[in-house]
Structure formats: C-alpha cells, structure tokens
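J.: The chain contents come next:
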Amino acid sequence: MSFLGFGRPQPTSEEKISAVQAEMKVLTQMHDRLTKACAKKCVPNDYRESELNKGESVCLDRCAAKFFDVHMKVSELLQQEMQSKGAGGGGFGFGG
Amino acid sequence: MSFLGFGRPQPTSEEKISAVQAEMKVLTQMHDRLTKACAKKCVPNDYRESELNKGESVCLDRCAAKFFDVHMKVSELLQQEMQSKGAGGGGFGFGG
Amino acid sequence: MSFLGFGRPQPTSEEKISAVQAEMKVLTQMHDRLTKACAKKCVPNDYRESELNKGESVCLDRCAAKFFDVHMKVSELLQQEMQSKGAGGGGFGFGG
Amino acid sequence: MDGLTAAETRELEQRMQKQQMKVFFGLFSNLVDHCFMSCIDDFTSKSLTGRESGCVARCVQKHMALSQRLSERFQEYNAQMTQQQQQQGGGFR
Amino acid sequence: MDGLTAAETRELEQRMQKQQMKVFFGLFSNLVDHCFMSCIDDFTSKSLTGRESGCVARCVQKHMALSQRLSERFQEYNAQMTQQQQQQGGGFR
Amino acid sequence: MDGLTAAETRELEQRMQKQQMKVFFGLFSNLVDHCFMSCIDDFTSKSLTGRESGCVARCVQKHMALSQRLSERFQEYNAQMTQQQQQQGGGFR
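Residue numbers (the UniProt record's numbering), protein chains in the order written: chain W, 1 to 96; chain Z, 1 to 96; chain R, 1 to 96; chain D, 1 to 93; chain C, 1 to 93; chain B, 1 to 93.
Next up, chain W with everything else stripped away, as it sits in the complex:
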C-alpha cells in the first residue's frame, strides 16, 4: 500500500497504533472490493452448486491478478496526472 505512505517512521505511540489500524482497514476494504468485483465477474448468481467449479476458480485467479494490475495502473496514472498539473491543482480535486 505504498500510496498511503505507511512504513515511514511514526513517532508517538498513538500514531503508531492508529497507523497499523489504518493499514488494516485499507487492506480489509481492498479485500472487500476485490471479492465484490470478482464474484460479479466470475460467479453466476443462481447458485445451483455449492462448490466452485474449475472454470470459476481459474476465472477468480485471473480476475484477482487483473484487479491488482488495474489498481497499480490507476495509481500510476493519477500520479502522472498530478505531477503534470502541479501539486496544487485540479483534475481529480475536490474543492469543498
């Protein structure tokens, strides 16, 4: 999760703990989103069988690999965009 900058020195005790907590939350959410996306892509909704069949299993593995790739790719694209527009500026910005 390099994009959140965890792993840098964290001074106080409270900060260290909440950094670990935050990282766990990020991982949980990502697992959640991965599951939601790949269930939709690979497993039909009628549930005629309770086991994953061969085709579904292979699909899930490939789907996970592609999900991580898209994650990386989007992260890179956003970084490029932000650099090209300068630190202060727009594009994806939310201005309250």
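Honestly, the hints are just simulated from the structure, not real lab data.
Check the hints yourself; a few may be wrong.
[What the hints assert, rightly or not] List of simulated lysine-lysine pairs, DSS-like, C-alpha gap at most 25 angstroms:
#  : chain 1 : residue 1 : chain 2 : residue 2
1  : C       : Lys18     : W       : Lys16
2  : C       : Lys18     : Z       : Lys85
3  : W       : Lys40     : R       : Lys40
4  : B       : Lys22     : W       : Lys16
5  : R       : Lys25     : W       : Lys25
6  : Z       : Lys16     : D       : Lys18
7  : B       : Lys18     : C       : Lys22
8  : R       : Lys73     : R       : Lys25
9  : Z       : Lys40     : R       : Lys36
10 : R       : Lys16     : D       : Lys18
11 : W       : Lys85     : R       : Lys36
12 : C       : Lys22     : W       : Lys25
13 : C       : Lys22     : Z       : Lys25
14 : C       : Lys22     : D       : Lys22
[Claimed, not checked] Now the stretches of chain D that chain Z is said to cover, found in silico as 3 or more residues with beta-carbon under 8 angstroms:
#  : segment
15 : 12-24
16 : 62-68
17 : 73-79
[As the list claims (entries may be wrong)] Listed next, with one range per pair, are the computed distances between beta-carbon atoms:
#  : chain 1 : residue 1 : chain 2 : residue 2 : range
18 : C       : Gly26     : B       : Leu4      : 28 to 38 angstroms
19 : B       : Leu4      : C       : Met16     : 28 to 38 angstroms
20 : C       : Met21     : Z       : Lys54     : 34 to 44 angstroms
21 : B       : Phe24     : W       : Gln21     : 15 to 25 angstroms
22 : D       : Gln85     : C       : Met21     : 13 to 23 angstroms
23 : B       : Gln83     : C       : Arg51     : 53 to 63 angstroms
24 : R       : Gln21     : W       : Gln29     : 19 to 29 angstroms
25 : B       : Gln84     : D       : Ala79     : 38 to 48 angstroms
26 : B       : Thr82     : D       : Ala79     : 43 to 53 angstroms
The beta-carbon is built from N, C-alpha and C at its ideal position, and this holds for glycine as well.
Based on the hints, put chains Z, R, D, C and B in the right spot on chain W.
T.: Leaving out everything else, chains Z, R, D, C and B in the frame of chain W:
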C-alpha cells in the same frame, strides 16, 4: 443481535456507552439494508402512485420476514462452518 | 448544508473542530454521490474516448443542477412531512 | 441499556443525538440518490420537468410509507428476539 | 508492525479485536444481502421455500470458498509488494 | 470556519490532512472499481490485454475530467447557498 455478544457484563463506563452505541449502529445498518433489499424486491421504480398499494404492502411484510430468516440462516451456516474448521482457520477468513 | 445546522455558535474547541470536520465529510459524501449519479446518467461505460465530448459535458452540467434541485426538494418534503406528523412521530422514523 | 449511571446516560444521550443526526442524514442521502436515479431522465434542460418533480414527490412519499412499514416489522422482530434471548439466557440482570 | 512496546501491542490487540468484529460483521452483512438478492424471489408466502433455502445454503458455501481463494491471491500479492518495497526502499526498520 | 484560535487551526489542519488522505483514497478506490468493472471482461489470461489497458487509461482520464467539471458545479452551488444563508440569516459571525 446475539451474534455480536452485546448484553454480557460491560465493566467501564466508556465501554458500556460504546456498546450501546455500537448496537444502535448495527440496528441502523440492518434497517438500512432491509429497506434497500425489500424496496428493490417489492416496489417498482416508476413511482406512478405515492401510496403503497395492497400488493406492495403484503410483499414488504413477507420480504421482511424472509430477510430475517436469511439473516438467521446465514448466521447459523457460518457458525457451523467455523466450528467444523476449528477456531483458528480459514473459510471466510481475511488474512491481511 | 443548512439541514445540518452548522453555522450556529459552537462552544468548546473540540466541538468547533469536529463541526468543521463533519461539514467537510458531508460535502465530500455529497460530491461523491453527485459524481456517481451523473457519471451513470451522462457517460457511457465503454470508454472509447478519453475526453468528455460536448454532449456529455452539457449533460453533466444539467445533471448537477437537477441533482441539487432534487436534494432541495427532498429536504423540503421531509420537513413538511415531519411537521405534519408532529415532532415525535413516525413516517421516516427508525425505531431500534 | 440499564445499568448506566446518570452521568453515563447524559453522555450517551449526547452521543446518540449526534448518531441520530448521522442516521437521519444517511436515510436522507439514500432517498435523494434513489429518487434521483428513478425519476430523472431528461437532460435537455437544467430545470426539473413537471413529470420529474411529481415523480420525486411520489417517490419520497412512497419511501416514507415503505420505511415506516419495514420499521414496524423490524421492531416486532427485535422484540421477539429479545424475548427469546431472555427466556434462553435466564434473564439475569 | 515492529517497533511497538508491550503496552502498545496490548492496546493494539484490543482495538484489533474490535476491528475484526466489525470486519467480520461487514462480511456477514454483505453475504446476507448478496444471497438474499440472488435467492429470494417468491413473495407469495412469508416462509422460505425449499428452493430458496437450498439456494441460500449453496450461496453461503460458494462464497466462503470464493472468499478463501481470493484471500490467498491477496496475501500472495501483499507478500510480493512488501518484498519489492523492502528491496527498493533498502529495508531499514 | 472563522472563530478558531491558532491552536485550534493547527489541530484542525492535522485532522484535515488525515481526512483528505481518506477522501483521496475513497475517490481512488471508486475509480479503480468503476474502471475495472467497465473495462475488464476477458478472463482467458491473467495479464491485461491491450484493449483493457487502453480502456482503463481512457476511463481514468475521462473520470478526472468529469470529476473536475462536477466539482466546479458543486462549488458554484455551495457559494450560492452560502450567500443565500447569509442574506437570510443576517450574516452575524
């Protein structure tokens, strides 16, 4: 909400309060999910009338009953699964 | 965001800060929901071009205007409803 | 819910109020999103058409009725669950 | 993860337990919603039909298998990322 | 927003930074999910095809433009609301 274990003795004041708060949050979320699910199942999206008609009302009551049943059933199935696999292990696990 | 009553005098320092934070959260969520809704209404999912075309841009502007209008309208309707039913009661209530 | 001192109850009430505001705002947001997605389809102008406006009004009213009805079912269910737990658990405290 | 004192670790564990309960409850809720939406279609009575009941059971089992499989892929991916970061970043502390 | 002391402003800024990180991460996650669901359809191999890769790039770019445009409309709307409130409310403090 027996599956969250609220109702057991809660020592400190802060813990008691946050337990009540947590229970309220769980109830809110469940009400939310119930509403979302049964609106989708029973009420068409075109909104030609502003009143619930007879058919929709009956459908909502049955939908709620089934939602609670599915809740129970999934809870039981997960408990069985966790017991059969032992406390430490897999199945539905999320390993960060 | 008049419906949340921010802007009234806020005594303690902690309360002032968390009011600003809460307002920011509300604005963020609203921006999020606006984006989700208007992307769905105005931009097809196939992504054959990377630029917004004229039609999409105009659609987004109108979609935003209508989203704010619906926001207002729903807010008014709920207030009317709550007044007509009295402060204590039902309608949209959630009773834990 | 029982077993709280007066000070705890006061603190709880304050937090509950905040939480209720959040809950209400969540319901409100869901309602806006749902009625917007269901009723708004015409992007040839930036003002709501009469049809859209009427649809939103009916959508809100219908959802309040729906939410009210499901709340009742939910409360019945919770009451029933609480009763079962007390019977099973012996009902101490 | 390293660099925590014993007291910090204890505090962290307590909070983690709470968070894990939340995570678990989130997974549980998603599962209920998904299996309900996928399996329940008959509103001519208020009890689950045999077909619905069976569908829910298969849905739960299949999703546990699915979640388990994706967890493994996710852990492999995280291990790989951590390794790359340590190689690039020098791996201090 | 006004009426904060220097210390409060500093505390606020620190919390805002955290919140902004969360906001940004939320936007990023939504973007990944949306572009993944819209662009990825081929599960005959585990690497992105050229078509998928291009689609993701266009999806990200288009959404940044879209998000930017809607942000502008949103800011205009907020400015207008603030103005109306000040006129109605008398604008004290």
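J.: Are the hints correct? Go through all of them and say.
T.: Cross-check of the supplied hints:
1. A hinted pair counts as satisfied when its Cα atoms are at most 25 angstroms apart, and Lys18(C) with Lys16(W) qualifies at roughly 17 angstroms.
2. Restraint check for Lys18(C) and Lys85(Z): the C-alpha separation of about 22 angstroms stays at or below 25 angstroms, so the hint holds.
3. Note on Lys40(W) and Lys40(R): the hinted pairing holds, with a Cα-Cα distance of about 18 angstroms set against a maximum of 25 angstroms.
4. Taking the CA atoms of Lys22(B) and Lys16(W), the gap is near 17 angstroms; set against the 25 angstroms cutoff, the hint holds.
5. Proximity of Lys25(R) to Lys25(W) is assessed by CA-CA distance (about 18 angstroms); at most 25 angstroms being required, the pair is judged to hold.
6. Under the criterion of a C-alpha separation no larger than 25 angstroms, the hint pairing Lys16(Z) with Lys18(D) is consistent with the structure, at around 17 angstroms.
7. Between the alpha carbons of Lys18(B) and Lys22(C) the distance comes to roughly 21 angstroms, so the proposed pair stays at or under 25 angstroms and holds.
8. Distance restraint check for Lys73(R) and Lys25(R): the Cα-Cα separation of roughly 22 angstroms lies within the 25 angstroms cut-off, and the hinted pair is therefore satisfied.
9. Simply put, Lys40(Z) and Lys36(R) have alpha-carbon atoms about 19 angstroms apart, close enough for the 25 angstroms limit, and the pair holds.
10. Under the criterion of a C-alpha separation no larger than 25 angstroms, the hint pairing Lys16(R) with Lys18(D) is consistent with the structure, at around 14 angstroms.
11. A distance of roughly 24 angstroms separates the Cα atoms of Lys85(W) and Lys36(R); the hinted pair therefore holds under the 25 angstroms criterion.
12. Of the pairs offered as hints, the one joining Lys22(C) and Lys25(W) holds, with about 10 angstroms between alpha carbons and a cut-off of 25 angstroms not exceeded.
13. For the proposed pair Lys22(C) and Lys25(Z), the alpha carbon gap of about 11 angstroms is at most 25 angstroms, so the pair holds.
14. For the proposed pair Lys22(C) and Lys22(D), the alpha carbon gap of about 19 angstroms is at most 25 angstroms, so the pair holds.
15. Counting residues of the segment 12-24 of chain D whose CB lies closer than 8 angstroms to any CB of chain Z gives 5, which reaches the minimum of 3, so the coverage claim holds.
16. Under the rule that three or more residues need a Cβ within less than 8 angstroms of chain Z, the assignment of the segment 62-68 of chain D holds, with 5 such residues.
17. By the rule of at least three residues with a Cβ nearer than 8 angstroms to a Cβ of chain Z, the coverage given for the segment 73-79 of chain D holds, with 4 such residues.
18. Look at Gly26(C) against Leu4(B): about 35 angstroms separates their beta carbons, and that is inside 28 to 38 angstroms.
19. Separation of Leu4(B) from Met16(C) is about 34 angstroms and conforms to the stated range, judged on CB atoms against 28 to 38 angstroms.
20. Between Met21(C) and Lys54(Z) the beta carbons are some 42 angstroms apart, a value that agrees with the proposed interval 34 to 44 angstroms.
21. Separated by about 18 angstroms at the C-beta atoms, Phe24(B) and Gln21(W) satisfy the suggested range of 15 to 25 angstroms.
22. Distance hint check: the CB atoms of Gln85(D) and Met21(C) are about 19 angstroms apart, consistent with the given range 13 to 23 angstroms.
23. Distance hint for Gln83(B) and Arg51(C): a CB-CB separation of about 59 angstroms, consistent with the stated range 53 to 63 angstroms.
24. Taken as a hint, the range 19 to 29 angstroms holds for the pair Gln21(R) and Gln29(W), whose Cβ atoms sit roughly 21 angstroms apart.
25. At roughly 45 angstroms, the beta-carbon separation of Gln84(B) and Ala79(D) lies within the given 38 to 48 angstroms, and the hint holds.
26. Checked against the given bound of 43 to 53 angstroms, the beta carbons of Thr82(B) and Ala79(D), roughly 46 angstroms apart, stay inside it.
Violated hints for the displayed structure: none, as all numbered hints are satisfied.
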